[in-house]
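> Chain residues, written in single-letter form:
There are 2 protein chains.
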Amino acid sequence: MKQVLLLIDRISSRVNANLREFDFDVEPFINASTNLPKLLNYYASYAVTSKHPLKLQFSSSNVAGSYFLGKCLVNRSVVYKSDVRGDELKRKGEIIFCSKELPLVEDEIITIRDSFLFKTLIHNKSHNLETPEEFFIRNTVAAHFSNIHGSTLEGCYLGLFATVDLMALHSCIVGDFSYIQVEELFHRAIKPGTVWLANDDFSFQYNYPEEILKRYVALDAEFKPVGRLIDFVEERKTDFDRLFEQITMDSFDIPQSSTVNRFALVQGKTRIGKNVLICQRSCLENAEMGIGSNAQENTYIINSKLSGYDVTAHGAKILHSLLGRKVFVAFNSFLNGKPTARIKIGQNCIIMPHTIIDADEPITIPDNHLVWGFIGSQNDLRENTISLADLENSNELVLGNMVFHGDGKAFVNAFKERFEHILEVNGAYYAKGKNRGHAQSDQSASFNMIQPYRTGPNRGIYPTITIEP
Amino acid sequence: MKQVLLLIDRISSRVNANLREFDFDVEPFINASTNLPKLLNYYASYAVTSKHPLKLQFSSSNVAGSYFLGKCLVNRSVVYKSDVRGDELKRKGEIIFCSKELPLVEDEIITIRDSFLFKTLIHNKSHNLETPEEFFIRNTVAAHFSNIHGSTLEGCYLGLFATVDLMALHSCIVGDFSYIQVEELFHRAIKPGTVWLANDDFSFQYNYPEEILKRYVALDAEFKPVGRLIDFVEERKTDFDRLFEQITMDSFDIPQSSTVNRFALVQGKTRIGKNVLICQRSCLENAEMGIGSNAQENTYIINSKLSGYDVTAHGAKILHSLLGRKVFVAFNSFLNGKPTARIKIGQNCIIMPHTIIDADEPITIPDNHLVWGFIGSQNDLRENTISLADLENSNELVLGNMVFHGDGKAFVNAFKERFEHILEVNGAYYAKGKNRGHAQSDQSASFNMIQPYRTGPNRGIYPTITIEP
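First to last, the protein sequences are chains A and B.
As numbered in the working numbering, residues 50 to 518 make up the first sequence, in order.
As numbered in the working numbering, residues 50 to 518 make up the second sequence, in order.
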């Protein structure tokens, strides 16, 4: 056990060194959040398929409860109950553009070094043009339910439910429940509850009112995660235990072109349509998943219907809701409908990342709208939605806590393109052997369990394991 | 799947090339015995402890249903539902004697290359003085429930329930249910049902009558294993399935100094005493395991009592029997007592490897006896037992189908020493932190599951996996 404690201590010293200008200390958070018995006892798993390049290596690390798919190297790190999905990594020979053509000389690999990730999702590929073959996470602590999506990190702290998307970060603090997608960021501390997207064409920024945010997510005086979002996931935790106790699970009736991950929880009267992808650690209960829909990692779809081609991005929660076709529910959104206060979302709507809809009355959002921020009543929609058509014609917009500058059309197009890209890579449009995506390629994964040393000074450390073709 | 078929084909060609002088063909046996769906779908497991040196590597192989502990390298082989236990391998610096001192320059490792092993047990360490650091098995096919015990093999075929013990074999065929321990053997075909021990001091040989042997074990016209021994294990097979479907098993009350392996089946009113070792794939039902007793791999102890310090060697089966203290039931013996025909064995008895006791009347064997061959009635004991005292005074002996030459005292001593050595290494004499053995060192193992590719030409082949400290 001694080695695990040394490892944790070394990681927090390194992260603190990177964040010294902010006088920031990750140690109390790490100490409050580390569940040592689980760290010592949980097994980890990795998936092998014939469709994804294979190279996995775990050394001098603890990876309790985590899941790995695709190329990944973990060294001197704790990756706790995290999902590391390398199924969108770039491959050797692929060409990226950055003023001139830049062909990849080898397959891209995710590398995690000197970092502590709590229940973090890692997905997509490096959008850091300087390291196209390496999607790296170094000297970083990421808190519960954070998403590291296509973003390289060095010397960072990501707060609870924080998302960093398609960018590069150096020595930054990203506050709880903040979402940022701003290409590159150096030595910045982002306030909790910030939703910020910016590039050469536009900038979108929304800030959660402090009082509201802390109802949903915060650290208490003892540095323990609290709030309704934490309560929500904690309450449903035990349901998952069953999944991790059995090697094989009863498979149930799903179309051949769809995948339900072995570590997904599917209950009640759930119906899975064609070309549907249900990822690990997602929870479906009385969910109707129309053709081409998906439920990504850490999502919950309960008593809800997704009409078809709907995207439920990493960490999104959809309760008592009815979604029209082609609705994009982005990262960590919380659509908290109730039996007497259902949420109805029209087709082609974009629910921005980190949106919370939590009302005591039914909420109806018309077709073709952008939705963001906190919505506590139907009345709140005035300051938290705009029709896509109106946005396309805007270049300056202030609505409630949201400020938009730049090319509205470019902004809407960027989202639409991304949405279509997500459907494509997930295999939503698969037909007759064409347009194959994750829903078709991930289904033939085999799952392998690995465990740490059980006794001695290395207790909790995993042996060095290398898996290659 | 193509690669698995090529692999199997290549192995049989190589083994056939080694055995060409006998005009022997392993192919029909391999084809009849290979359960392709299971080969393609079963997972394998390896154990990691802090007590045993660690180095495992699996490459270009299928290891479905197998279990590995300690240093082992598997390359271009099929190791099907086998147990490979490297917990008695020699370690760097250890000294073996062969006219002069020979210190080991590195830890010993089991290497399995170009071989196909069916439900085979591999244990102990290389007794081949020429390769003290490598316990190798090359170009070999071993049939169901064979034991490769401390024996290096190249170019061999081991029949059903065959045992090779503490020796080296080159281009040999060992018939079904034969046991041999004769130091070294070149280019020999051993008839089925031969029990043969020989060294400079003595020689013991027993041959099963053909008619009797084929009731218990044989290949039928389609090369499928048949007979009562096969029926016995097949009937109990489904009970094991449960063990392999769950990650964690309910643990039950056992003394701190004892180990029940995660993949052992323990049922009914079974009582486990102190310093007891229950190995993987052993089956206990209404078994009373006295202090310091053990049940090694593929053993069955049903409705029986072991009074204490009893050894149940790999593959032995004990039914409706009462064993006094310090009884040695050696490899693959079948003590087939019935509720109305119980078997009672006095203390300090040695049941020779591959003994069958199968009567319709109670059988009682007095203390301090050696027992061998086939015993179908109390009357048969006359030609199949001798008191250890009488044997110690013999140097020439013919009893029924048994012929003994040489130093009787040396023979008895060799068995007694080995018996005590087995008790020691298994931890039977553990007390107050001293005399630690497998029962104490194997209990903190963590079990890791690995799986093959699920689709594509490599379906059924395991990725290259390397596990190091």
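Read the hints as simulated data drawn from the structure, not as lab findings.
Predicted, not measured: the structure shown is a model, and the values here were computed from it.
Among the hints, erroneous ones may be present.
Chain copies aren't distinguished; within one or between two, either way the pair holds.
What the hints assert, rightly or not - Listed below are the simulated BS3-like cross-link pairs for lysine-lysine, each with C-alpha atoms no more than 30 Å apart in a straight line:
1. K483 to K263
2. K354 to K104
3. K104 to K87
4. K51 to K483
5. K104 to K51
6. K149 to K240
7. K240 to K139
8. K354 to K240
9. K393 to K104
10. K458 to K104
11. K318 to K240
12. K263 to K141
13. K481 to K51
14. K104 to K263
15. K104 to K240
> Which of the numbered hints are not met once you compare them with the structure shown?
1, 2, 6, 7, 8, 9, 10, 11, 12, 14 and 15
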